[in-house]
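S.K.: Both chains are given apart, each in its own frame, so use the hints to dock them into the complex.
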Amino acid sequence: MKHIIAVLLENEPGALSRVVALFSARGYNIETLTVAPTEDPSLSRMTIVTTGSDEVIEQITKHLNRLIEVVKVVDLTEGAYTERELMLIKLRAVGKERDEMKRMAEIFRGRIIDVTEKSYTVELTGAAAKLDAFLEAIDKAAILETVRTGSSGIGRGERILRV
Amino acid sequence: METSAPDMQRAPAAAPRTAPNPEPNGSEILIRCLQAENVRYLWGYPGGAVLYIYDALFKQTTIEHVLVRHEQAAVHAADGYARATGEVGVALVTSGPGVTNAVTGIATAYMDSIPMVIVTGQVPTPAIGLDAFQECDTVGITRPIVKHNFLVKDVRDLALTMKKAFHIARTGRPGPVVVDVPKDVSMATAPFHYPATIEMRSYNPVRKGHGGQIRKAVQLLLGAKRPYIYTGGGVVLGNASAELRALVDLLGVPCTNTLMGLGAFPASDPKFLGMLGMHGTYEANMTMQHCDVLLAVGARFDDRVIGNPKHFASVERKIIHIDIDPSSISKRVRVDVPIVGDVKDVLQELAVQIREAAARPDVKALSAWWSQINEWRKRDCLAFAASDTVIKPQHVVDTLWQLTKGRDTYITSDVGQHQMWAAQYYRFEEPRRWINSGGLGTMGVGLPYAMGIKLARPEADVFCITGEGSIQMCIQELSTCQQYKTPVKIVSLNNRYLGMVRQWQQIDYGGRYSHSYMDALPDFVKLAEAYGHVGIRIDKPSEVEPALREAIRLKDRTVFLDVQTDPTENVWPMVKAGQGISEMLLGSEDL
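As given, the protein sequences belong to chains A and B, one line each in that order.
All residue numbers for the first sequence refer to numbering that gives the first Met the number 0, where the first residue is 0 and numbers rise by one.
All residue numbers for the second sequence refer to numbering that gives the first Met the number 0, where the first residue is 0 and numbers rise by one.
FYI, nobody ran anything at the bench for these hints, they're computed from the structure.
Since the structure is predicted, the reported quantities are computational estimates derived from the model, not experimental observations.
It is possible that some hints are incorrect.
[Said to hold, decoys possible] Derived contacts from chain B toward chain A, CB cut-off under 10 Å, selection only:
id	residue
1	64
2	139
3	146
4	152
5	167
6	197
7	201
8	325
Yeah, the Cβ is synthetic: ideal placement off N, Cα and C, and Gly gets one too.
Okay, chain B solo, but in the shape it has when bound (with noise of 0.2 Å):
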């Protein structure tokens, strides 16, 4: 990919320095603890306090910079750069408003746990607290929303920090780390010593799972009679596919995913129900209400997952949790064997356990299950009334598939219905397919999603499924899709609505249609005609698949459809806030 800036910009700059410095400057160091750490791409915004730093930058070819158009914008994509590889993020900010920009971006990434180091720039020590321009407080206002945060007070400090805040970012429950780091201290020099490893005696995540809690877990999973798999972004995130899919398939359960795991179990196979939650199927739904013993996988009933607490726990159950961060356990649910540790090992553990004990699970009564579970599933609760005459947003998601299935497709989404449609109609075959903002729910993600997931996959088709509202968040990021060649495709399910909350609106609040009506909506195909992009209008359920086709035979361009969709149409099944998740409405006629 050609990105690097045009030649003229580069020629007066390059001239040698007259006395090399036998000792890198903080810049140097910092950009050498990056090369150390394999990091490629690294997505950020120039401002005062990181001058020294981005001349550290230009003076180096294998760290790739990309120049977004907003702060915010760099955190999200070095996130969907590191959701959809793995790997850390990385993103640079200057200081003061470089770093208020990026907060939206931190808490998101915190929210789901998603490994990253985010530098950002400070003014220089003499100065912190004095109000100097530009300055923010940064550790005291990213604190909440990181991991760990760090203020690199002397230079020779540095690369010590740095190679703590990789090791805390990537290790146990992954998250975000801030280097806060003042020009002074990017500007001073120091010996460079980068440790291949570390030892912190106050972290030191758990790994392996207690072997008595793990036994006690193959007896009830052995013993049930109605058992159900739950997993979350945990099983994603710690690359547990594979042990997950061997599990189920051992025992033969029914399985099910969070907004955040799917994908981490095929979406084709006849034991996977679909995601559970507020807008889970019914099948999905009723099997929790119903299981007699419930193994959770790096998942945390939060609120959007189980409804009401008081309603999820009014039923007989017992609950195997297994998850790497101790305080995730029994938080919102009290649970009968807690597994600490990391889920990909103890999947494992559990599978030999269950390979090797004497007990079988009960063929007669999973049968039974089965039965009960295909009844719910007959309710067929994702069928959706087709249209000639008005786009069913349904339908695009799912000819999206349709087109798109047994290729690698990368799919983000923002946040709203069009997210809760993608989430429900494509079906997710293989992890990290899927990059969206569950825990923060940050409108706007999507496309700085695409972008970075697309520099880290050129191969694969990125498509962004999005709406009107969301994408107008972060829609100056067209412009670096433009300058860094990164071709995304954006689906804008356009319904001239904030469509989810008109559909809550209408549901619990009179149709009383308070400010969710976008009105002087821009012309989006032209709008991304002056990026330098193709636009296509789409207001016919006939044009729908034809405009996806080309938008996928146009590989070297980003393609902004505009999809007239139904602005009517609602989100089922759906649980209404503070019900239990069984008290589902499955559609208008239960309203």
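Here chain A stands alone, though its shape is the one from the complex (with noise of 0.2 Å):
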């Protein structure tokens, strides 16, 4: 099962190799991690999206909250949260191409950053699965390029993250 895990760690040199490290070297999943600064620039968040039986989850939040810089770990998906992507993906966009490519990029809610005379680039931002929807709508053949930030989560409501 998809598990999103939300990371609070020190900002420090090395800090993010060791959570990779955990990773591959006890042969747990990554699907996509991302990570930046928070308001506060002595920490950074992360969001990890991986998948495993319970037990391998278990481990993983424990194997991360072991890890000396790591401040705290929250598995989102075991209450409400939200997860945003964003994606950029460039289409090809010839002839009638254009208005279709125009349409679904309207429909899901995209924006059309740079217009060539061959081309599009949409910006979409969604949960990981709208994201997949779309390229799942467009014509494969059209797809020049994408390229995914990877998901970001954070809980619902008082949910609430923080040192």
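M.R.: What follows is the structure, given as structure tokens:
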């Protein structure tokens, strides 16, 4: 099952590599991983999307907590949360495709952020599943390039992760 | 102990500095940190990147540096010292090959959760990443085998980093911490301030166990019909031996120790069932598979202890697991009552609550349980056929125990058959007397461990029970023993085979003894003598006891006993890899 794990950790060199090394050393999956400093520059926040049995997820959270630089770990999927991912996608847009691509971007509430005679670049934000759905809806041959950030997650309402 | 360098070496460099700098340099700061931590011994090996640190060492007198012959042994010796004393062991090595040689030692300490600080030299900060001479990515290489590591890029961070390193190494689940110090950092100056205490928002190990969980554990233990207490290295590391003994006495239940836990509970106590696991006793393993409530303390259900986890889980039993590391709980075996906390605190609390509880242990059920256990004991699984003509390795360990019992004696071992015989036939009464590499299983630790322990416990006898394979992996340290006058006794069970490999090849690989025969062995007597020690070769069973007595009598000499043992002897009982722990082979007749 898919889990979204949020981690607060010291913003220090090497902290990211400790997390990544933990996953590879113990054979855990990483589907996506995002990290950036928080409003407090001494802390970074990481969102890790992973899959595994309940036992594996329990071990992942325990081992993350065991890392000296990790301050807090929360499995967002244990409660209510929202997730967002950003995708930039460059689409072939020639002739009658141009209208079709523009229409698709609008349906998915994407924004066209770069236009040339032959292509559109669309910025699309949403849950990972929505981005997947967009890719499904577009003619494969028209996709020239994609780049995705990986999911960032946050708890709903009063679920707050901070020091 | 006279270990200072000859005066003629010291004289030229002892000239006073003309303009003393009011601020210490990084190397002096490092030394002051070690002094603040009451470090008495430092095992190390100099090299380019640590020359400033060695210069600072030269100018002080409180810390004794031991020059080993290979960096691996520096870490092992400091590790052995830590295991015997409970203090943080400290080693110092240079950059590049100094670090890579130390890696085996660091990994060994990590697998057994030994508190250590390893200071490593690094090339100067401007040279990092440029493939400089003797450069390696120390923090990257050691990351998976340390509790934590640091690269100190600014001399102003050095003292605080050292404080953190010692704090992290000795608290929570202990472990080795590497502090990588570039050469320019060890040269640059800064004000020295060593904080008395430290707070880290990201590191706060739990001490006290959860009250509700402890109450559940008390209920289970008092309601048990077939209880069992299984304890590991955590009880030794947590200095909880007295609390364990009190709890076992209070409940009147059987107790077993893992390889790492031996000595936590006295072997002479009738409630002790011996070691459990792959080469555990029949009664210890059968009790494990038939108990209804299992209290695991500072142990981690590893593969050498419980065998096949599916087989282990195939019977109904309630498991209570006390461990300071949450990630050790429910890792290989699902537990019913997890208690995260310091084993000493939790065992104390358990005893208090058991005394206060209305319920009492079920005496009738316990009596029946003990009858069953005593039936298993009658198999006498450690009995061995004595011989007048060929030396049985078990006989050597048994004789050593007979000669040294009642005296404070430390036993180190290497890895293989001799290690198992030492664990089975030397009956440990006290914790921290049995020093071996359980987790990583590192051949070559025995001699450096003994060396480190002898410095900590000069009055005690320190024996290294080893084999002719293992001893050759760090045999160069015989030289260090001579220089620092650390008289240790090496009992090498020489069967001319890598015995445990040969045993597995006999049992599982059709007797094809692929590269497990040690041809062209050195004359160990002459080798010991070449290093300035006493060497004794023993060929007959009748010579074993006199030779061991002689080794003990030669109190101030390192003695190497080359004991020619039965090359065909196997370690019994045995649970083959992948089998359940009650599926035991008790001897060659079971093959």
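S.K.: Using 10 Å as the Cβ threshold, decide whether residue 139/B counts as touching chain A.
M.R.: holds, 8 Å
S.K.: So, residue 325/B near chain A? Judge it on the closest CB pair being under 10 Å.
M.R.: Holds. Min distance 5 Å.
S.K.: Once the shortest beta carbon distance from residue 146/B to chain A is found, is it less than 10 Å?
M.R.: holds, 7 Å
S.K.: Regarding the hint that residue 64/B lies at the interface with chain A, is the smallest CB-CB distance below 10 Å?
M.R.: At 28 Å from the nearest chain A Cβ, residue 64/B fails the 10 Å test, so the hint is violated.
S.K.: Grab the minimum C-beta distance from residue 167/B to chain A and call the hint holds if it beats 10 Å, violated otherwise.
M.R.: holds, 6 Å
S.K.: Minimum Cβ distance from residue 197/B to chain A below 10 Å?
M.R.: violated, 12 Å
S.K.: With 10 Å as the cut and Cβ atoms as the points, is residue 152/B at the interface with chain A?
M.R.: holds, 9 Å
S.K.: With chain A as the partner, please determine if residue 201/B meets the hint condition of a C-beta pair closer than 10 Å.
M.R.: Result: holds, 4 Å to nearest chain A Cβ.
The structure shown violates the earlier hints numbered 1 and 6.
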